[in-house]
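Participant: These protein sequence lines map, in sequence, to chains A and B. Residue numbers 1 to 326, in the numbering used here, belong to the letters of the first sequence in order. Residue numbers 1 to 326, in the numbering used here, belong to the letters of the second sequence in order.
Derived from the structure by calculation, the hints contain no laboratory data. Hints should not be assumed to be uniformly reliable.
[Said to hold, decoys possible] Simulated crosslink set (DMTMM-like; lysine to aspartate or glutamate; CA at most 25 angstroms straight-line): (1) A:K128 to B:E149; (2) B:K4 to A:E93; (3) A:K109 to A:D146; (4) B:K102 to A:E2; (5) B:K282 to B:E149; (6) B:K4 to A:D256; (7) A:K5 to A:E127.
[Unchecked claim] Cβ pair distances, simulated, as ranges: (8) A:D179 to B:P186: 44 to 54 angstroms; (9) B:Q112 to A:E182: 49 to 59 angstroms; (10) A:E149 to B:F57: 37 to 47 angstroms.
From a predicted model like this one, the values you see are computed outputs, not experimental measurements. For each residue, glycine too, the CB sits at the ideal point set by N, CA and C.
Protein chains: 2
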Amino acid sequence: MEHKKIILGHGSGAGLTHKLISEVFAQTFKINHLDDACKISDKMVISTDSYVVNPLFFPGGDIGKLSVSGTINDVAMSGARPTFLVAGFIIEEGFEISALQKIVCSMQKTAQQAGVQIIAGDTKVVEKGKGDGIYISTTGVGILGDGDELSVNRIQVGDKLVVNGTLGDHAVAIINARDRLELDPPPMSDCCALNNLVQAMLKSAEVKFLRDLTRGGLATILNEVIENSDVGIIISEELLPIKQSVSAVCGLLGLDPLYLANEGKLVGFVSEDERLLDEMKKHNCARDAAIIGEVTDEVKGVYLRTTVGSLRPLPILNSDPLPRIC
Amino acid sequence: MEHKKIILGHGSGAGLTHKLISEVFAQTFKINHLDDACKISDKMVISTDSYVVNPLFFPGGDIGKLSVSGTINDVAMSGARPTFLVAGFIIEEGFEISALQKIVCSMQKTAQQAGVQIIAGDTKVVEKGKGDGIYISTTGVGILGDGDELSVNRIQVGDKLVVNGTLGDHAVAIINARDRLELDPPPMSDCCALNNLVQAMLKSAEVKFLRDLTRGGLATILNEVIENSDVGIIISEELLPIKQSVSAVCGLLGLDPLYLANEGKLVGFVSEDERLLDEMKKHNCARDAAIIGEVTDEVKGVYLRTTVGSLRPLPILNSDPLPRIC
């Protein structure tokens with residue numbers, strides 16, 4: 001390893017995280033997949049995530065909603081229907097029990113709306129100064145229907161890329177809440193469970209592969225997806241749904257929304273289907289769904305076709321400027 | 001809730017933890033079982049735990065070994081064969097990558113020896129001062145064989161209580177390592193995976209119910225087991241396997257080994273079977289296995305028959321003096 005100690009960038013979801021995962025975890029555990037969810041039987045998948053978002057409460061969500069919807073989404077991206085969730089809590093001494101209750105209620109509400117049951121948990125308490133309020137780890141399991149198993153290997157030249165809405169909303173909401181930018185109205189996180197949207201997508205189009213657009217953002221995740229393949233991706237700047245307010249904050253702070261985390265957004269690789277966008281737009285979380293690009297053999301890697309027609313490469317960045325975004 | 005803020009006792013596994021779990025978590029999530037593992041299909045169970053042990057390395061183990069064997073044990077206590085594990089890491093900025101590698105190798109070694117596969121993980125990094133080196137959450141799944149499903153409802157008057165060895169070893173090892181008591185030789189934690197022992201027990205006796213003797217120790221856990229039943233338990237002081245060195249430290253510090261955490265010990269409720277102890281003792285983790293008491297209708301609650309023949313009640317304590325024991 002290039003570093004001797006863990007730095008914040010190791011948790012960013014960008015290049016440094018990949019290096020740590022491949023050199024320390026994947027090698028020792030002999031894990032050779034990069035999917036968010038993993039099969040535990042013919043019909044069942046599992047996925048786990050820890051949540052350390054700061055602040056704990058933000059416009060559009062809180063760590064409870066995030067910890068449930070984030071893991072539901074990881075399970076859903078495999079094509080499975082998430083069914084059960086378990087949760088582990090690491091709470092800092094002195095944390096307000098009323099805040100804990102708010103978070104736990106938010107978890108339950110999110111789970112119920114998504115049709116998922118929280119069935120077990122564990123609680124640990126650490127001394128003041130050894131945590132930051134609360135950290136939550138959730139693990140979800142889901143059931144695969146016949147033919148629903150998605151795989152990066154199914155992606156082909158000509159497949160379209162679809163996203164379910166505007167990019168960068170979660171990260172900008174967190175930045176605003178954390179740095180007290182006092183934007184008015186405050187930008188809202190897109191944090192939400194996508195499992196029902198995914199089931200609708202599977203019914204209305206040939207979906208090859210899905211990924212949720214969390215840490216690292218669209219650009220990092222597209223690079224991951226085609227990392228070991230021969231194809232390239234070109235997305236079109238003019239097709240990207242990005243809120244004006246998000247663009248404005250990004251311009252101000254020198255951030256690129258294509259590298260910002262979302263918590264209720266996915267990218268789908270699909271064979272073209274006119275019905276798909278219509279079906280997606282019936283869901284609250286996909287009102288701004290759009291086809292944003294396609295898989296091609298004209299390039300290797302991920303490129304943005306800018307509004308003036310040039311191709312700009314979108315590489316994996318080594319680190320991400322935003323720690324603890326989720 | 002009696003408290004407005006979380007105190008360390010809420011994580012002790014004793015009475016305060018129960019109160020928090022029942023009033024905040026179980027009520028909101030509508031969970032009405034107290035088992036460590038939970039069914040997710042006819043043949044599959046799941047269990048989750050977060051590990052915050054301090055120090056990270058101790059004689060007999062480390063947080064890696066503990067986080068794998070602890071969750072394996074929770075799954076195994078249901079009667080299931082643990083098969084897969086997923087892990088979430090919350091790492092503090094500045095943590096030595098060499099220490100992380102040691103922990104990850106220890107996890108893999110423990111999993112391999114137990115015949116369990118670590119299949120996925122997640123890594124988050126928090127700023128210096130917002131964690132304590134590393135916290136690990138693990139979730140395990142296991143497969144139930146025919147007729148292996150254990151249940152507290154199967155416990156009957158006359159059932160014997162069996163433990164697989166000496167009590168209090170883990171807690172005393174942690175106390176010694178943490179408080180630098182400099183005992184020589186240093187007491188060793190009993191931290192280990194019990195799944196193979198459990199499978200052997202299921203084959204050689206009628207096992208009704210199993211629990212691992214973690215936070216809260218034997219006394220707390222026996223109270224939990226019979227909480228909603230009409231029967232009582234009497235254990236015999238003279239039958240309890242306790243190391244002399246552990247007794248000595250407990251005497252010195254005013255601790256009771258019956259309330260101390262173990263990380264490689266279980267209590268089984270079994271119909272008497274002479275073969276059972278012989279079969280258990282073939283396993284390294286059960287050389288000192290012993291029958292320690294029985295289920296009775298002569299008392300309600302949990303009692304210790306002392307060496308002088310009197311009955312001493314063993315209630316649930318409200319808090320435990322040892323935070324972050326696991």
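Participant: Now, for every hint given, state plainly whether the structure supports it.
Facilitator: For each hint, the structure was consulted:
Restraint check for K128 (chain A) and E149 (chain B): the C-alpha separation of about 41 angstroms exceeds 25 angstroms, so the hint is violated. At roughly 11 angstroms between alpha-carbon atoms, K4 (chain B) and E93 (chain A) fall within 25 angstroms of each other, so this suggested pair holds. The hinted pair formed by K109 (chain A) and D146 (chain A) fails the criterion: a straight-line CA distance of about 29 angstroms is larger than 25 angstroms. As the CA atoms of K102 (chain B) and E2 (chain A) are separated by approximately 17 angstroms, the hinted pair is consistent with the 25 angstroms bound.
Among the hinted pairs, K282 (chain B) with E149 (chain B) is consistent with the structure: their alpha-carbon atoms are about 24 angstroms apart, no more than 25 angstroms. Proposed proximity of K4 (chain B) and D256 (chain A) is contradicted: the alpha carbons are some 42 angstroms apart, above 25 angstroms. Only pairs whose Cα atoms come within 25 angstroms are accepted, and K5 (chain A) paired with E127 (chain A) is accepted, the gap being roughly 23 angstroms. For D179 (chain A) paired with P186 (chain B), a C-beta distance near 48 angstroms keeps the hint of 44 to 54 angstroms intact.
The supplied range of 49 to 59 angstroms is met by Q112 (chain B) and E182 (chain A), whose beta-carbon atoms lie about 53 angstroms from each other. Under the hint 37 to 47 angstroms, the C-beta atoms of E149 (chain A) and F57 (chain B), about 41 angstroms apart, fit the expected range.
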